[in-house]
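Asker: Chain by chain, the residues:
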Amino acid sequence: MNQIDIKSTEYPYLLKQIKDPPETLYYRGEWNPEIFKQTLSVVGSRKMTRYGEAITKEIVTDTASAGITIVSGFMYGIDAQAHEGALNASGHTIAVMPCGIDRIHPEYQMELYKKIEKDKGLILSEYPGETPPALWTYPRRNRIIAGLSPVLLVIEAGLKSGALITARIAQKYNKKIFAVPGPLTSSVSEGTSLLIKEGASIFTKSDDLLSEFGIGITGKTKNKKQASNLNPSQRKIMELLSRQPMGIDEIIRILNKPTSKVGADLTFLSLKKMISLHDGKYSISRNRSAGNRIC
Amino acid sequence: MLIKVTSVSFSGLTTIKIDVEVNIADKGLPAFDLVGLPNKAVAESRERVRTALVNSGITFPMRRITVNLAPGDVPKNGAFYDLPIAVGILSGIEGFEIPVDSLFFGELSLDGSLRHTKGALLAALFARENNFTSIFVPQQSANEASVVQGINVYPVENINQISMHINSHIEIFPTVYQLQESLKSDPADFDMSEVMGQEQAKRALEIAAAGGHNVLMIGSPGSGKTMLARALPGIMPMLTEEESLEVTRIYSSAGNIPPGGSLIVKRPFRSPHHIISQAGLVGGGTHPQPGEISLAHRGILFLDEFNEFPRSVIEALRQPIEDGKLTISRSLERVTYPSRFILIAAANPCPCGFLNDETKECICSKREILRYRKKLSGPILDRIDLHVDVPVVDIKKLAGGMSDSKEKETSLQVRKRITAARRIQEKRYRNELIHTNSEMKNRQIKEYITMSTASRNMLIEAADTFQLSARSYLKVIKLAQTIADLDHGSNINEMHIAEALQYRPRLPE
Chain A
1 MNQIDIKSTE YPYLLKQIKD PPETLYYRGE WNPEIFKQTL SVVGSRKMTR YGEAITKEIV
61 TDTASAGITI VSGFMYGIDA QAHEGALNAS GHTIAVMPCG IDRIHPEYQM ELYKKIEKDK
121 GLILSEYPGE TPPALWTYPR RNRIIAGLSP VLLVIEAGLK SGALITARIA QKYNKKIFAV
181 PGPLTSSVSE GTSLLIKEGA SIFTKSDDLL SEFGIGITGK TKNKKQASNL NPSQRKIMEL
241 LSRQPMGIDE IIRILNKPTS KVGADLTFLS LKKMISLHDG KYSISRNRSA GNRIC
Chain B
1 MLIKVTSVSF SGLTTIKIDV EVNIADKGLP AFDLVGLPNK AVAESRERVR TALVNSGITF
61 PMRRITVNLA PGDVPKNGAF YDLPIAVGIL SGIEGFEIPV DSLFFGELSL DGSLRHTKGA
121 LLAALFAREN NFTSIFVPQQ SANEASVVQG INVYPVENIN QISMHINSHI EIFPTVYQLQ
181 ESLKSDPADF DMSEVMGQEQ AKRALEIAAA GGHNVLMIGS PGSGKTMLAR ALPGIMPMLT
241 EEESLEVTRI YSSAGNIPPG GSLIVKRPFR SPHHIISQAG LVGGGTHPQP GEISLAHRGI
301 LFLDEFNEFP RSVIEALRQP IEDGKLTISR SLERVTYPSR FILIAAANPC PCGFLNDETK
361 ECICSKREIL RYRKKLSGPI LDRIDLHVDV PVVDIKKLAG GMSDSKEKET SLQVRKRITA
421 ARRIQEKRYR NELIHTNSEM KNRQIKEYIT MSTASRNMLI EAADTFQLSA RSYLKVIKLA
481 QTIADLDHGS NINEMHIAEA LQYRPRLPE
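These protein sequence lines map, in sequence, to chains A and B.
With the working numbering, the residue at position 265 of the first sequence is 265, and numbering never jumps.
With the working numbering, the residue at position 467 of the second sequence is 467, and numbering never jumps.
Please note that a few of the clues may not be correct.
Said to hold, decoys possible - Label-pair ranges, simulated between beta-carbon atoms:
| no. | chain 1 | residue 1 | chain 2 | residue 2 | range |
| --- | --- | --- | --- | --- | --- |
| 1 | B | M196 | A | P128 | 54 to 62 Å |
| 2 | B | S452 | A | I254 | 28 to 36 Å |
| 3 | A | R243 | B | E461 | 26 to 34 Å |
| 4 | B | L412 | A | I254 | 22 to 30 Å |
| 5 | A | P132 | B | L433 | 57 to 65 Å |
| 6 | A | E117 | B | R330 | 22 to 30 Å |
What the hints assert, rightly or not - With the C-beta cut set under 10 Å, the calculated list includes, among others, these residues of chain A facing chain B:
| no. | residue |
| --- | --- |
| 7 | E250 |
| 8 | L266 |
| 9 | T267 |
| 10 | L277 |
| 11 | K281 |
As the list claims (entries may be wrong) - Calculated cross-link-like contacts (lysine-lysine; reagent style DSS-like; alpha-carbon spacing at most 25 Å):
| no. | chain 1 | residue 1 | chain 2 | residue 2 |
| --- | --- | --- | --- | --- |
| 12 | A | K281 | B | K374 |
| 13 | A | K47 | B | K374 |
| 14 | A | K47 | A | K16 |
| 15 | A | K57 | B | K366 |
| 16 | A | K281 | B | K375 |
| 17 | B | K374 | A | K114 |
| 18 | B | K408 | A | K281 |
Think of the hints as simulated: they come from the structure by calculation, not from any bench.
Even glycine gets a Cβ: it sits at the ideal position worked out from N, Cα and C.
Produce the entire structure from the sequences given, and follow the hints as far as they go.
Answerer: As structure tokens, this is what we get:
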């Protein structure tokens, strides 16, 4: 049976410190105490925006590749993005489930579930077997997420969201909380804005987080050489997109160029992975030049 | 006394000769019998013929009349045996000779006049192919039949008129084919220049029209998918004479040509609603009738709310899209209808319809969106070459933008380019049975398509980056060839490939 008792020496130290730690932790994957050494808990909205997705990718890539384990809740949206990002950066990740350890929830993320197990990640739960999730198991799960790490990062949260509940729990546990600022017009920025107002640390770059873990500035090399082999209209497109994401029709309208030409340019830029398409709009790829604000 | 009159019978688009034998016996009880596998419509012919003759002032003979439709083992259906039967009986009464090498075809009204009858064009075509010199059809169907040159199409108004014509008391003059003026008018409901924004979607439709590619448009309600589709006929090249005849044959067979109507010169635009049955879409019935896909032959089949269509109906599209024809097999008959159309499918991006919409928030969960998109996935998507987003157009942005500085192209201008591209394709495939790039099979791609090494390398790189399937890879090549043809028929270069890649299928994120 894959379980760890609270009396075990391998029981995560930080989790033991909270008021009501789970008596037993069930897990899937390979138990390796090393994985709990440096952990960052990441929570956020299920209704992830494109902005949230890009930011999550960037932060998780930077932290996971620096050896920090990403802890999250396996829900779709920010959670899933965080797990995926960590795995893609060849880092470690822990998914804390609100249901029995043998149940995949939500079930269409089976691929991600298997990948976490396979790539030396951990699936954790305080419930055995096929216990179904219930309304009250989600906040219980959230306390584990908050308890496992010294730092909690909130990326996009509504005013009534699980992410905000987790943040509240983390406040009680006296954890360091980082909130990612978002556009004030977005409903999933209201929670993070509130946290910042109340005194949470504002996240502006990955180094903010890394220094929390005592890891120095990463000193990424800037990626400028690729801009030189672009033709004038491609450069113009890059310039437009650096201001805000745009759909192809809008680009065509502003550049006043034939559709065929703009379409071809966009494909060239996509192939060079300089831009990417999300929700019908092109934007500058961030993960290519992670760490640099503006390309 | 035995009289023989010649008529026809239809099975789908094929026509066979039927001998209508009328025997008026001098002995035996008075009766009027009809044999030779008639269906209900044919059997009721007796009542129509008797009443029509009486109402035309002719004394119906009180003798034993037997009508046989030979060959006797072919099922007969339709109401058009009225005229040959009536002419046979008249000949018996009045003793005139049936004109040689003539076909008779038409449904009688009880007052003795003839009604518009479906299939007149098919009958006339059969007459010419089998060396008949004339065909007698109802006056209202004469325009349709007169499309066929080289035979005399006699428009018949009523029983008395044809009897006097055959007796040489009066003369009916054969109809001369006239193209109806109204058909020369604008073929589309909208002009492309009326469509605001949607540059990429317009370009996609241009490519589709040029190469015969199928299109999937995904966009929120009100973004203009329907308007775009309705503007498409305006940029399609005009039907050639041969194509026009193909289309008219199907319409004639389905009875879709109005009284007095003639050759169909507009490209068909069919947009069935999503509650359509499978038989309604692909055709069916005991005597199989053409369905929407055949009525869309050489034209456009527009399926709005594509993923609201039942799965079985969508899957039925596969064979016709691949082969350009469809065989419907029933116990009594097996018929093949052509169905070479451009499929324009339109769908919402998610169940509520407002995913990625800037004006309204989407209320669907990711799971709902995935399930919704799953309905679209599968083999049918594999047969759609162009995938294009149709975003909602922000009117303010359009008004304030630079759209005014750019002269908008009219449908006529676009059509010119498309016609040129089609001509290039026809020349390329002159030794093949295909007409457009979209119809190419693997062998033809190998044989006819040349591209630079740089283009090929780029395509291979793209296949890797964008995770294209083998089929998608070939689709990109076909599309690139059409784009190259629109670009005056040069070989495929990197620009063409790059543009074609814009229309690759996009998986839901």
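Asker: None of the hints should be skipped; say for each whether it holds.
Answerer: Hint-by-hint comparison with the structure:
1. B/M196 / A/P128: 54 to 62 Å: This hint holds: roughly 59 Å between Cβ atoms.
2. B/S452 / A/I254: 28 to 36 Å: holds, 31 Å
3. A/R243 / B/E461: 26 to 34 Å: The hint (26 to 34 Å, Cβ to Cβ) holds, given that A/R243 and B/E461 are roughly 29 Å apart.
4. B/L412 / A/I254: 22 to 30 Å: At roughly 27 Å between Cβ atoms, A/I254 and B/L412 fall inside 22 to 30 Å, so the hint holds.
5. A/P132 / B/L433: 57 to 65 Å: Cβ of A/P132 to Cβ of B/L433: about 59 Å, so the range 57 to 65 Å holds.
6. A/E117 / B/R330: 22 to 30 Å: Roughly 55 Å apart at Cβ, these two residues miss the hinted range, so it is violated.
7. E250: holds, 7 Å
8. L266: holds, 7 Å
9. T267: Hint on A/T267: holds, closest Cβ of chain B at ~4 Å, below 10 Å.
10. L277: holds, 8 Å
11. K281: The hint holds - A/K281 has a Cβ within 10 Å of chain B, the shortest such distance being about 8 Å.
12. A/K281 / B/K374: holds, 22 Å
13. A/K47 / B/K374: Satisfied, since the Cα-Cα distance of roughly 20 Å is no more than 25 Å.
14. A/K47 / A/K16: Judged against 25 Å, a Cα distance of about 32 Å means the pair is violated.
15. A/K57 / B/K366: Holds: A/K57 and B/K366 sit about 19 Å apart, inside 25 Å.
16. A/K281 / B/K375: Roughly 24 Å between the alpha carbons, so the hint for A/K281 and B/K375 holds.
17. B/K374 / A/K114: holds, 22 Å
18. B/K408 / A/K281: Roughly 24 Å between the alpha carbons, so the hint for B/K408 and A/K281 holds.
Going through the hint list in order, the structure does not satisfy hints 6, 14.
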